[in-house]
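Model the placement of chain B on the given structure of chain A, informed by the hints.
Protein chains: 2
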Amino acid sequence: MRKELHFEKGEFQARLSAVKTAMEKRGIDVLMISEPPNMNYLTGYDAYSYYVPQFVIVSLKHEQPVWIGRFMDRVSAVMTTYLDDQNVHAYEDKYVHSATLSAFDVIAQTVRDLGGEKACIGVELGGYYYSAKAHADLIRALPEARFVDADLLVNWIRVVKSPAELALMRQAGAIADAMMQRAIDVAAPGVRECDIAAAVYYQMAAGTAEFGGSYGCAPPFLCVAERAVAPHAAWTDKPLPKSTTLNLELFGNRLRYQVNLSRSIAVGPPSPAFQNLADVAVEAMNAALDHVRPGLTCSEVESVFRRSLARHGLEKEARLGYSIGLGYPPGAVERTASLRKGDETVLQPGMCFHMMPGLWLDDVGIAITQSFAVTETGHEPLSSTPRKLFVK
Amino acid sequence: MRKELHFEKGEFQARLSAVKTAMEKRGIDVLMISEPPNMNYLTGYDAYSYYVPQFVIVSLKHEQPVWIGRFMDRVSAVMTTYLDDQNVHAYEDKYVHSATLSAFDVIAQTVRDLGGEKACIGVELGGYYYSAKAHADLIRALPEARFVDADLLVNWIRVVKSPAELALMRQAGAIADAMMQRAIDVAAPGVRECDIAAAVYYQMAAGTAEFGGSYGCAPPFLCVAERAVAPHAAWTDKPLPKSTTLNLELFGNRLRYQVNLSRSIAVGPPSPAFQNLADVAVEAMNAALDHVRPGLTCSEVESVFRRSLARHGLEKEARLGYSIGLGYPPGAVERTASLRKGDETVLQPGMCFHMMPGLWLDDVGIAITQSFAVTETGHEPLSSTPRKLFVK
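These protein sequences, in sequence, are chains A and B. Taking the numbering used here, the leading residue of the first sequence gets 724, the next gets one more, and so forth. Taking the numbering used here, the leading residue of the second sequence gets 724, the next gets one more, and so forth.
The shape of chain A in the complex, shown without the other chains (with noise of 0.2 Å):
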């Protein structure tokens, strides 16, 4: 099987030797990384197959990490990781679903083959694949193992990207603005929600005639004129009518490394107090962007987005951003820094996020956000959809 490796083999080894020293200062001595995109940001590992036991298991005894999932899945781990064949494992598929046998007696062999059975075993505890029953499993299997909550250990590493992470990036960007720009021009009355869903997806997979897209790590977000106070609900089969609202939040996909972006539409005129809640938020949100910089913390960002909203005798309760990435479903976000108060983290350059001003007043909402990158001087915007409401 031919390698597809989006990456340098060299760029790979500098991730591994940035966890290996996480791990030492940490007195961890065998890792099970169970988060799709910590799987592949070490590794390349790129496959639909998290719904089952798998880890990439690094240990300080051993040079490269060892890939360990279902057997029909090893073929994809050979394909798209870096790793010599041998530290590739698996288990039979009668460990899948299985009422009576436990994937994590396979699992556990390969950590003790690795020297790991009385040994410091970090696991991403509040992983979303890692159940608490994956977890009591694990230690039922290696009894004489000590286990510490390395969680977000290498999330913290992967939060500042490469300048080859940061071209995906902008691949990502690219797609994400040609989806919003194919819903503007669908949307209109008598259009099914669905059907400007189905055109947000196409251009998705589509992505551009230089590049194709990759699946979201959510689905596009559609919400039609009173459902804008409900930003997670599923799109329905209704046909627009002749004057309405729409809020869109989507993801552009370039090789898992994603790129959110949100715009409000106006199906018909908008009404002025509408117009003027998205005039609110795009000062607010350009007057943050423009403080972005090396050397400030999140929290700093955040209060000149709230200081501008104040002006205006508006707040927002959710926070304004997070960083984003590689990303796999169910999650849009990296889950390290925010945009908020409170969130002291540094920013450095290579670090990016998505800012979302999102305003919720009664019954309307405005959704107009950046996804940026953090420069030596200030910021770069991931994504070129010109920053206002579009009317239809």
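Quick caveat, the hints were computed from the structure, so don't treat them as lab data. Predicted model only: the values in this text are computed from it and were never measured. Nothing false has been slipped in among the hints.
Which copy is meant is left open, so a pair is good if it fits within one copy or across any two.
Keeping only pairs whose Cα atoms sit at most 16 Å apart, straight-line, the calculated EDC-like set for lysine to aspartate or glutamate is:
1. K961 to E949
2. K1064 to E815
3. K784 to D836
Coordinates of chain B only, in the frame set by chain A:
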């Protein structure tokens, strides 16, 4: 906010009653449901919000379940569930992805309000959205409660679908058919893989002229040529060569009810070996389908398939199929009954399965599958795409 319910209130009450009976039998006072399909099944709740902690809590002492989740998803809960407003609780945004605060402190207060402080609490230990950290936090917040594993308790109740649910499964099947037809129409030499994925996604959301589609529980799996042996790999943006094979697995979804469908497509004349493998797979699948009837076990149905394959000197390692129904990412499966050796689940009318005799032989693979419902006398196919190798 107007209620958007897709079932009669009486149907929700019957489901709740069955769950309460199962709780009593197992000595569970309070059941904390975190699996999105189970939350939907019991209350109607549907929003893409499961990347943060949220529960439907059933207490034997309380008539209605209580929904608790993030404040911004509260409106979705009011809108999509039959619950009275006072049974919809929420925690503030400051608890989301916070390093210092835990939403489980708020959630525990709701459990205490429901009389669960010293109760026997059932949790879904093996679910996708109940992490090892979530379990530890909940135990810490409710130190006097006793926790037991109630994983799959609700899944096994929803394994038999009601007439109203079967109606949605048929609609999901019609969407799956439309998606497959579009892929077959589009597939041709020179077309990029991502553009075929785009066409499939378009139809997933657009559905049919009568009803729209919802997002699937997984992306379409589109595996060209030798990548057939990597069944869960991502599509690429390479153009199809003049002559190749393509395996496509896709998911038609109607209001979260999902029907799975796979077909192999030959671009250019198929090799005799590939055509023969397709014929063998279809013959064995048809034999197994013809055998389906209430009272038989899953294992018995699988054995018919296994014997048919064996006549051609073939065998399949992976299971032959699995129960389907309500679904959310990442699971295109219900995690209950499997069509495989040793699964002694007895078929009942209303059960639905995806039968998938995928056959992989070195570098060729065939995936021609059929989703079906068990009826009083046999089976009802849930999709109508012909069971054959398509040739373009």
